[in-house]
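Let chain A serve as the given structure and place chains B, C and D with the ligands on it in line with the hints.
Residue numbers (the working numbering), protein chains in the order written: chain A, 1 to 115; chain B, 1001 to 1117; chain C, 2001 to 2237; chain D, 3001 to 3585.
Bear in mind the hints are in silico, worked out from the structure with no lab data behind them.
Even for Gly, the Cβ is constructed at its ideal location relative to N, Cα and C.
Heads up, a few of these hints could be off.
So the derived label-pair ranges between C-beta atoms look like this [unchecked claim]:
(1) Ile1104(B) with Val27(A): 15 to 25 angstroms
(2) Phe3563(D) with Pro2093(C): 49 to 59 angstroms
(3) Thr2009(C) with Ala3466(D): 45 to 55 angstroms
(4) Pro2128(C) with Gly3267(D): 25 to 35 angstroms
Non-contacting residues of chain C with respect to chain B, defined by C-beta distances greater than 12 angstroms in every case (computed) [stated by the list, open to error]:
(5) Ala2024
(6) Ile2037
(7) Thr2044
(8) Gly2118
(9) Asp2156
(10) Gly2184
(11) Asp2190
(12) Lys2230
Cut-off 30 angstroms, straight-line C-alpha distance, at most; resulting in silico cross-link-like pairs (BS3-like, lysine-lysine) [what the hints assert, rightly or not]:
(13) Lys2007(C) with Lys3450(D)
(14) Lys3210(D) with Lys2077(C)
(15) Lys3328(D) with Lys2181(C)
(16) Lys3328(D) with Lys2077(C)
(17) Lys3327(D) with Lys3285(D)
(18) Lys3210(D) with Lys2007(C)
(19) Lys2007(C) with Lys3449(D)
Here is how the chains run, residue by residue.
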Amino acid sequence: MLNLRLYMLQRITAILMAPLVLGHLAVMIYAIQGGLSAAEVLSRTQGSFLWLLFYGTFAVAVAIHGAIGLRAIVHEWGGLKGVALDVFMWVVGFSLFTLGARAVWAVTFAKGLGA
Amino acid sequence: MKAASGITSRAHPLWLAYILHRLSGLALALFLPLHLWVLALAMTDPERLDGFLNLTEAGAVKLAEFGLVFLLAVHMFGGLRLMAMEWLPWSTSQKTLAASAAAISFLISLLFFLKAI
Amino acid sequence: MTNDVLKVTIERSADVPDVFEVPAFESQTVLDVVSWIQQNADPTLSYRFACRVGMCGSCAMMVNGVPRWTCRTHINKVLDGNEITIGPLRNLPVIKDLAVDMDPFFDKWVSAEGVHHGTLTRVDPIAPVDEDSAARVEANAGIECINCSVCYAACDTVTGNPEYLGPAALQRAWTLLNDAKDEGRVAILDAVSGSGGCHNCHSMGSCTAYCPNDLDPMSAIAGLKRETAKSFFKRGR
Amino acid sequence: MRLSDIERHDTDILILGTGGAGLFAALHAQQSAPKGTKITIAVKGLIGKCGCTRMVQGGYNVALGGGDTVERHFMDTIQGGKWLPNQDMAWRLCEQAVVRIRELENEVGCFFDRNSDGSLHQKAFAGQTADRTVHKGDLTGIEIINRLMEKVLASGVEKLQEHRAVGLIPTKDGSALAGVLMIDMRTGGFKLVRSKTVLMSTGGGPTMYKYHTPSGDKTMDGLAMALRAGLKLRDMEMVQFHPTGLLAGDHTRMTGTVLEEGLRGSGGQLINHNDQRFMFDYDGKGERATRDVVSRGIYAEMRKNNNPEQEGVFISMSHLGPEFVRKKFKGMVNRCADSGFDLAAGKVEVVPTAHYFMGGVVVDVDTRTAMEGLYVAGEDAGGAHGSNRLGGNGVANSTVYGGIAGDTMGADVGKMHLREPDENVLAAEFARAIYPLSKKPDLVLPLRKKLQDLMWEEVGVMRTEAGMKRGLTGIANVSDALMDVGVDDSNLAFNLTWHDWLNLRSLCDISEVITKAGITRKNSRGAHFREDFPEPGTMESSEFTVAQQIGSEVTVTREPVQFSIVRPGETILPKDAPETLVAAQ
Ligand SMILES: Cc1cc2nc3c(=O)[nH]c(=O)nc-3n(C[C@H](O)[C@H](O)[C@H](O)COP(=O)(O)OP(=O)(O)OC[C@H]3O[C@@H](n4cnc5c(N)ncnc54)[C@H](O)[C@@H]3O)c2cc1C
Ligand code: HEM
Ligand code: SF4
Ligand code: F3S
Ligand code: FES
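Just chain A, with the same shape it has in the complex (with noise of 0.2 angstroms):
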């Protein structure tokens, strides 16, 4: 149920994810020494246009990527097809991008929690 377009969507957002997902990681590996708190989190994050770009494009990317992912899994395993196969991608898409959305514009610069 892979049509080219929908390939090389899910293979241009891997490749994006790639260095973000390594940079997560070592974001990761380096924060958790010590434990890890919301403050620590935040005090990165908040206010850093870079970081709502690295974390924004992640999101896009990874709704974009999960989504046709899911797609195909839910066409090859649970024999979904035609319409319901479409707005299921889309569902799945969108949820992921809001949900993306929300946490970086949370971790970035929503208001709430003073630095």
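Quick look at chains B, C and D with the ligands alone, frame taken from chain A:
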């Protein structure tokens, strides 16, 4: 029994790499909403985020996190392997590539795990 | 192997396995075992074969859960103790017992543009071809496919995705794409880029692992992915 | 099952069989028939996946210059056939092969092996005076049939797969063909397909011998149908044996399958059970002699040995170096290994094996028969090869004449119309096909084995009058016994045992004709060797046999060969032409 023979009859390295990639992708996709939800808490309820993050000290959560990082590593290297296989001019060494990708990802996650303790 | 009797389970269509005791012989293929049952024990057993030497690709079946050409599979190679289970090929509709309808496989072969596109005719001289050229080597790699459907049965993507053209058809498309005599480049790339096209392949490699002729459809499909990706950037589709 | 259950179906051009002949006919008919002509293909197996064209290994004979000429190809064919071929047919074969090979490469998309300069690679089979055989490795047939199959599958012709033709149904006056009765093997139901023109290209197949090479679906159905329809069959005594068939016991279908000619050509040795080479006792060329000579050498050696435990002889390659053998004959080495034999380093037991049938329906050079609306091409048609077919001429013959048949039917179909079948013949053919369903079920296989042993012993590589007479009696016994063997009729869908029965029916009928024709030919030519008449007779007065069933009796007569192009002792090659262009090995 049937499922078991269904797997054993397919169990060659590339198929295992495929199933690993798929299951890790699936698990990531299922975990991601959770992960994002937790992060979003930062906006609405920072205390709960802290409470949650404190949990990371507990062994079980650590293990779960190790698993997630492992998943991410496995999936990423599996995906890179796949794209290398598809797009780089063909070499017959894909099986070794698959194996080494899995090994590297395992190593990385192990590193993470060791550091975390 | 010192068994004189083989315990053979035949998985007939409606999940009713039949068990037969078949005398063991020194040179005996899976096809011989199936034939023995039909000729001596159960005359109603249906299966298909033609050439009996691995050239026609009509005798493939699932042997202990693995797709194989049965005429060239020595029984000793697949015997589990003295037992063996034989069923109809996966991923194709069963006609009766061990005989499947191969039409979907060939329909897809044709849909993948697996047919020569040429402009030369019988009045033209035969085009010289450099057999050592990279493209020809690539084309020759998959040319000995006997369309036995073993790869098609091995592929789980085919199972889950009825539209998927499958390894053999795509390999044929790749062969043609590399054939200097073929002029169907655009048609082929379009055919393998659709919703059942090469991009559905997850490179699980069962096709290559089980092809009885040691062909490598997985690599052929990778080639198609490469070419279509290139054309994606060039042509925007 | 009742007569009224027969489904009726109409078409314009009906093709039986999908070997080289059938598939080419389908393509050509499409090109030459008027627009809107309906073309239907009916075949006993799956399209392109059954029959022998697919099993062609060595290659395709065609004169493509480099010193070789159509004339030379023709002379080799006539001499190989020991002056028995129909010369006009042989000429057309050689001449059109040149067109067909271009068509295969350019239109159908085949790719044959090349020389380093990019031109087609050609080699010489035994009996040829030029490097003439075009090939794709040693799997030439797969390339030819796969490409043809694709074209035909993509062309949208009507497909009747796993439809077995069981009877030719003529019009009431018997002068023309009305249609063909077939069994839809998948359901067990009957179909009468009426057609304006019908090509029979079911490919003969001498599988009534204990050892045989052809695919399992070939059981002389076409010739048996033609015989019942009263058509003349020629050269029916001419059965070609390939010298090296695999011997692996009578419980495996691998037995009889061919070990390729190239093994002997490149130095393979034949060794008897006393570990001695013997072919030089029979011929100065040793293992490199022609198929018929080597087959007789092996057969004689086997008879000398006369030990049922030590049946065949061995082919040994190991002295050439196992590595070399493994590389050069990869396919053969693998195939032997799959059956548990080591061709590269060990030795493999072999026997002569029935390979090709030179006899067939009498046709004109356009594939027309004496019956209006019926055309015959490929191995089913007699005449082009005479008493012996050169290696590489078989697939050339089926593709050349298949194409011609397609063109001829395409041209004729406009003038023809659907005809009313003779309902009496239809009823008789139907009754014949369902006959075993009313009898008490029993095993068919033992009778087939009996026939195969009999034909091998009495009407095989070497023949005598007494032996063939014993053969006739034996065939009659098997034939009668078969009529007492029934088939369980509880489920007729894909009922192989029913088809085994029908196969054996065809084989019995044609075995009788082979034997009768063999008795009639009182000399030795090509594939037909009479121990009691070892001489070939004078070429000038060459005759071919013609068998025909009148009433229920098969009679065989002889007709003189027309030397329409060249007379024995003469040649159409230029005076100074060298004897052979093949470099001595
Ligand atoms: C192992 C082997 C190797 C050979 N190698 C060579 C070689 O190297 N060079 C060469 O020139 N020749 C070779 N030959 C000979 C060559 O294969 C044949 O001469 C030629 O292919 C015959 O073509 P055909 O179309 O007449 O018949 P086939 O290709 O045999 O086709 C016959 C078709 O008719 C169908 N059929 C049969 N009965 C019925 C029925 N009752 N109803 C409907 N359909 C029916 C069959 O299923 C099949 O599809 C070889 C033969 C064999 C067996
Ligand atoms: C970090 C870098 C990543 C890379 C390089 C990557 C790469 C890939 C590739 C190449 C595929 C295609 C597999 C195929 O067609 O068989 C794929 C599939 C998939 N990915 Fe990722 N991925 C990454 C991250 C993620 C993440 C974070 C998720 C979580 C949502 C994810 C979820 C999936 C899913 C569900 C599939 C479908 C699996 C399948 O079809 O078998 N991936 N990935
Ligand atoms: S690629 Fe191999 S397994 Fe697949 S159809 Fe061709 S020969 Fe059979
Ligand atoms: S098994 Fe199937 S998924 Fe691709 S690599 Fe082969 S076609
Ligand atoms: S019977 Fe032809 S491949 Fe097995």
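#### Entry: Ala2024(C) and chain B, when compared Cβ to Cβ, separated by more than 12 angstroms
23 angstroms, holds
### Query
Could one say that the CB atoms of Phe3563(D) and Pro2093(C) fall in the range 49 to 59 angstroms?
57 angstroms, holds
### Status of the given 15 to 25 angstroms range, CB of Val27(A) versus CB of Ile1104(B)
20 angstroms, holds
### Message
For a C-alpha distance cap of 30 angstroms, please report whether Lys3210(D) and Lys2077(C) respect it.
### Response
The given pair, whose Cα atoms are some 27 angstroms apart, holds under the 30 angstroms limit.
### Query
Is the Cβ of Asp2190(C) farther than 12 angstroms from every Cβ of chain B?
19 angstroms, holds
### Query
Between Lys3328(D) and Lys2077(C), does the CA-CA distance stay at or below 30 angstroms?
25 angstroms, holds
### Query
CA of Lys3327(D) to CA of Lys3285(D), is that 30 angstroms or under?
26 angstroms, holds
#### Entry: Minimum Cβ-Cβ distance from Gly2184(C) to chain B exceeds 12 angstroms
22 angstroms, holds
### Query
Is the hinted pair Lys2007(C) and Lys3450(D) satisfied, with a Cα-Cα distance of at most 30 angstroms?
28 angstroms, holds
#### Entry: Cβ separation check - Asp2156(C) to all of chain B, threshold 12 angstroms
7 angstroms, violated
### Distance restraint evaluation - Pro2128(C), Gly3267(D), Cβ atoms, bounds 25 to 35 angstroms
The hint (25 to 35 angstroms, Cβ to Cβ) holds, given that Pro2128(C) and Gly3267(D) are roughly 32 angstroms apart.
### Consistency of the no-contact label for Lys2230(C), given chain B and a CB cut of 12 angstroms
Lys2230(C) not clear of chain B: closest Cβ-Cβ about 9 angstroms, inside 12 angstroms.
Consistency note: the structure conflicts with the earlier hints numbered 9, 12.
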